[in-house]
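Asker: For reference, the chains in residue letters:
Number of protein chains: 2
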Amino acid sequence: GGEMDRIKNPPIEEFVHSVLPEFLGIDQVRVTHGAREGMYAAMNALCRPGQTLVVDGNAHYTTILAAERCGLFIEYVPASPGPDYRVDPDGFCQAISRLREAGETPAMVCLTYPDGNYGNLVDARAVSRICDQEDLPFMLNGAYSVGRMPIKASEMGADIIVGSGHKSMASSGPIGILGASEEYASSIFRKSALKKNKEVELLGCTVRGAGMLTMMASFAHVAERTGHYDQEVENARWFSSRLGEMGIIQQGDRPHNHDLMFFKSDLLYEISMKAKKGRYFLYRDLKQRGVCGIKAGLTRQFKLSTYLLTRDELSAAADAFQEIIDSYA
Amino acid sequence: GGEMDRIKNPPIEEFVHSVLPEFLGIDQVRVTHGAREGMYAAMNALCRPGQTLVVDGNAHYTTILAAERCGLFIEYVPASPGPDYRVDPDGFCQAISRLREAGETPAMVCLTYPDGNYGNLVDARAVSRICDQEDLPFMLNGAYSVGRMPIKASEMGADIIVGSGHKSMASSGPIGILGASEEYASSIFRKSALKKNKEVELLGCTVRGAGMLTMMASFAHVAERTGHYDQEVENARWFSSRLGEMGIIQQGDRPHNHDLMFFKSDLLYEISMKAKKGRYFLYRDLKQRGVCGIKAGLTRQFKLSTYLLTRDELSAAADAFQEIIDSYA
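The listed protein sequences derive, respectively, from chains A and B.
For the first sequence, this note's numbering assigns the number -9 to the initial residue and increments by one for each residue that follows.
For the second sequence, this note's numbering assigns the number -9 to the initial residue and increments by one for each residue that follows.
No lab work stands behind these hints, which were simulated from the structure alone.
You may find that some hints are simply not true.
Using 25 Å as the maximum straight-line C-alpha spacing, the simulated DMTMM-like pairs for lysine to aspartate or glutamate come out as follows [claimed, not checked]:
hint, chain 1, residue 1, chain 2, residue 2
1, A, K266, A, D316
2, A, K285, B, E(-7)
3, A, K266, A, E313
4, B, K185, A, E173
5, B, K185, A, D78
6, A, K186, B, E(-7)
7, A, K285, B, E3
8, A, K285, B, D(-5)
9, B, K185, A, E94
10, B, K285, A, D(-5)
11, A, K293, B, D(-5)
12, A, K185, B, D78
13, A, K188, B, E(-7)
14, B, K285, A, E3
15, B, K188, A, E12
16, B, K186, A, E65
17, A, K293, B, E(-7)
18, A, K185, B, E94
19, A, K285, B, E65
20, A, K181, B, E65
21, A, K185, B, E124
22, B, K185, A, D316
23, A, K185, B, E65
24, B, K285, A, E313
25, A, K266, A, D243
26, B, K293, A, D(-5)
27, B, K285, A, D316
28, B, K181, A, E(-7)
29, A, K181, A, E12
30, B, K267, B, D256
31, B, K293, B, E4
Derived contacts from chain B toward chain A, CB cut-off under 10 Å, selection only [unchecked claim]:
hint, residue
32, G40
33, A57
34, I64
35, P68
36, A160
37, G163
38, K185
39, G194
40, R198
Ideal Cβ placement from N, Cα and C applies to all residues, glycine included.
Chain A extracted, bound-state conformation (with noise of 0.2 Å):
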């Protein structure tokens, strides 16, 4: 039977089994539907229905998804109150603590790193050494992070790593990765006992046509890009101290160590109480000045991310709110 990721012409098997490995430093990788669908099946062959999954309150509701498809268990790492939204690596070890005492089997560490709501990165190297030490397998959700910022697994001790293409990756979605280290690999991608050579997780075979050819046609540039995340970081910071002048207040992690970021403002609610058409002022006033992003109807809070935009752009956009902000006074 045929398989997909051993294709020479286009070069699917270089960039499924040596671009790739060596992008995220981990052994093997597999292109999936999605990070979620990498996500699940990383836990359907190494978790058991009935165990389970410890994971970082901030985490994105396609782990807790996957894990309740898998029959696991949740155990939250809960993040701290605002504005921080912290979650303690520390927190790994209580959890995995508490299981046990209860009778509980964790099966498996999950950490998002960074998390879609506050761009938060924790210390996962901290996490990886308490995985190490419950030997329970270690899996990064870089669904935000894998082709922004610069990223690999072997230097996080992540045992397992998936990635969004269209999140991250400038590829026609949806597509996404998955990358294991070999302890966990023969298990994730293991072959078929009845079908030779066919992956059995992955169904034989996963994303066909324009996902494939798009992530590998966006990989240099990707992959080049992650090579200037400090600048990203440090344009991320500075537009969060402007709307910080202006009582838009970023949540999270401060200083900021990603793109991705949450803000909250009473003074944008309070004027969505006077503005025409109430709460949608914002999106529409903000579109009107060129600067598209947050979600149609908030504005008491909202996330959003300066990631690629120059300092001029980023500028432009932080003049918009004051305008704004101006226009209401």
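Guided by the hints, dock chain B onto chain A, whose structure is given.
Answerer: For chain B alone, kept in the frame of chain A given last:
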């Protein structure tokens, strides 16, 4: 949380919740990453590890992988020896009896309609009656029928049906559809206990982007073409007869009822033993005459499809075979 299948602009909600259910003759439909992912979702929702899937001996390998991923055993209903490779509906009854006598638990019946090798169409209605008597869910793998021929799950008595967007619905893959009757839809499309409005088996959301939009854009054409299926069958039979006159013998159902056909030919095999480039002669010589579709290197047996080719085009293709045979005489 958002539900992709409830988006009104573009009209995804109407397409998924009204157009597709009517097209398939089934209560509920969702878009999946492909037919295999649809089969897996149904098995994962309705079967438990250690139970058994009863499946026709001509099943696509993905049916077997989906069952294996669920931890199911496989009980085949064997196909008859060639040239018919026929699956008898009564074989399903016997397979279920064998399992029950052995203390095994049949959990689902899957029929490949048609199979992807011979294009054979089993009497699905008869299999459905057996499933009703045995109180087992009946799944139809319509990867090669949904979008090509008129097919209504209600008329076939199927409880679950899957189709393939990239194989038979003129869509940019990977994409498929999964339909279920209310009786089983409540399990297969069950909502998360943890994340509001998210369907567990679909991990909240499956295909977005190009796949979804191309399926919708192609749908009117796809639905229309299924109305001309009689002509497709007539063309397939005519082509089978032309090749038969040359000693290239169609296997499977005769007269045939599908555009997908499997041929055997000792004559072409004998030519391959002496032709330049050996077994690649057929691919090369057909290509020189503007005919493609047969896998390079095959001569003794190969499959092809006559779908959507005109009688003139099929006549030219048959002439090409005759010319090639004559050229080696």
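Asker: Do the alpha carbons of A/K185 and B/D78 lie within 25 Å of each other, as the hint requires?
Answerer: The hint holds at about 24 Å.
Asker: A/K266 and A/E313: Cα distance at most 25 Å?
Answerer: Answer holds: A/K266 to A/E313 is near 16 Å, not above 25 Å.
Asker: Given the hint that A/K293 pairs with B/D(-5), test it: the Cα-Cα distance must not exceed 25 Å.
Answerer: holds, 24 Å
Asker: B/K285 and A/E3: Cα distance at most 25 Å?
Answerer: holds, 21 Å
Asker: Given the hint that B/K185 pairs with A/D78, test it: the Cα-Cα distance must not exceed 25 Å.
Answerer: Holds, at about 24 Å.
Asker: Taking 25 Å as the top limit, are the C-alpha atoms of A/K185 and B/E124 close enough?
Answerer: The hint is violated at about 29 Å.
Asker: Should the hint that B/R198 touches chain A count as held when the rule is a Cβ pair under 10 Å?
Answerer: holds, 6 Å
Asker: Given the hinted pair A/K181 and B/E65, is their alpha-carbon gap at most 25 Å?
Answerer: Holds. A/K181 to B/E65 sits at ~20 Å (cutoff 25 Å).
Asker: Given the hint that A/K266 pairs with A/D243, test it: the Cα-Cα distance must not exceed 25 Å.
Answerer: violated, 34 Å
Asker: Is A/K285 within 25 Å of B/E3, Cα to Cα?
Answerer: Distance ~21 Å between A/K285 and B/E3 Cα, so the pair holds.
Asker: Regarding the pair B/K285 and A/E313, is the alpha-carbon distance no greater than 25 Å?
Answerer: Since the Cα atoms of B/K285 and A/E313 sit roughly 64 Å apart, the hinted pair is violated (cutoff 25 Å).
Asker: Verify the proposed pairing of A/K185 with B/E65, using a straight-line Cα cut of 25 Å.
Answerer: The hint holds at about 15 Å.
The structure does not agree with the numbered hints 4, 6, 13, 15, 19, 21, 22, 24, 25, 27, 28, 31, 32, 35 and 36 stated previously, though it agrees with the rest.
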